[in-house]
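Throw the hints in and build the complete structure from the sequences for me.
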Amino acid sequence: MNSAARASHRLYKEVAGRLMSEIESGKYAVGARLPAERDLATMYEVSRPVIREAIISLEVQGLVDVRVGSGVYVQSNSGQKQVPAGDVSAIELTEARLLIESEVAALAAAQISDDELAELEDLVRQIEEENKSPDGREEADAAFHTAIARASRNNALIETVERLWDLRRTSREAALLHEKARHANIKPVVDEHSAILRALQARDPKAARAAMRGHLLQVLESLLFATEQRAVDEARRSMQAKRDRYSRLTA
Numbered sequence: 001m002n003s004a005a006r007a008s009h010r011l012y013k014e015v016a017g018r019l020m021s022e023i024e025s026g027k028y029a030v031g032a033r034l035p036a037e038r039d040l041a042t043m044y045e046v047s048r049p050v051i052r053e054a055i056i057s058l059e060v061q062g063l064v065d066v067r068v069g070s071g072v073y074v075q076s077n078s079g080q081k082q083v084p085a086g087d088v089s090a091i092e093l094t095e096a097r098l099l100i101e102s103e104v105a106a107l108a109a110a111q112i113s114d115d116e117l118a119e120l121e122d123l124v125r126q127i128e129e130e131n132k133s134p135d136g137r138e139e140a141d142a143a144f145h146t147a148i149a150r151a152s153r154n155n156a157l158i159e160t161v162e163r164l165w166d167l168r169r170t171s172r173e174a175a176l177l178h179e180k181a182r183h184a185n186i187k188p189v190v191d192e193h194s195a196i197l198r199a200l201q202a203r204d205p206k207a208a209r210a211a212m213r214g215h216l217l218q219v220l221e222s223l224l225f226a227t228e229q230r231a232v233d234e235a236r237r238s239m240q241a242k243r244d245r246y247s248r249l250t251a
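Just so you know, UniProt numbering puts 214 at position 214 of the sequence shown, and the rest follows in order with no gaps.
Simulated from the structure, these hints should not be mistaken for laboratory data.
Wrong hints could be hidden among the right ones.
What the hints assert, rightly or not - Computed Cβ-Cβ distance ranges for the label pairs, DEER-style:
(1) K132 x R169: 19 to 25 Å
(2) A110 x E45: 43 to 49 Å
(3) R38 x S113: 49 to 55 Å
Using N, Cα and C, we set each Cβ at its ideal position, and we do this for glycine too.
What follows is the structure, encoded as structure tokens:
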């Protein structure tokens, strides 16, 4: 596939479809381990994040089982013929948010009210409190972003931002990667939200756009490496458990 064609396709869905076909054909039998992520990336000539998203797509359908520290194993060979069209990945969703919410923040900065700024200030405090909770709830984070959308005074943008957050909750693929991120202790960064708030308080559209863009670029970066970080942490815990067991045996 040439570069122009690659640009027009959703690569991870293409890769997921090809892997699905190979599983169904018996190339990878039930119980077999798939090649390592780096090897799949070489085979399909795509980046490792694309492979990661493709694996998540197969995982939510029950085709593969991701075993941290061991690999990805075929769990079933009776998947759907196509990757579900209604799902969006967390990466796609965050890219869309980056494009849309950055401009929403700029528009909001020009007309946000003092009461709305006070609401955002309170939500930043709530985000900080939510981060202390182990259950990973991010309701204040969602409220912060949708409140900025309301301050844009544009109903189409308000509905768009609310829809993006709904997709984050309801898309199986997006929900799975965000869950993995929470397990890797990746949570909303208070300082990034505070920077957005300061730009809005200054009623500076350019600064608000930059602060929101910077925040969502960091979210995107965190998601890309969430599963890798979780794997590293699990591998370290597994190694420590082995060391502890060996120590008891030799004591």
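Evaluated hints:
Distance hint check for K132 and R169: the Cβ-Cβ separation is about 22 Å, which falls inside the suggested range of 19 to 25 Å. With their beta carbons about 45 Å apart, A110 and E45 fall inside the hinted range of 43 to 49 Å. The hint said 49 to 55 Å for the Cβ distance between R38 and S113, and at roughly 51 Å that hint holds.
Hint compliance for this structure: no hint is broken.
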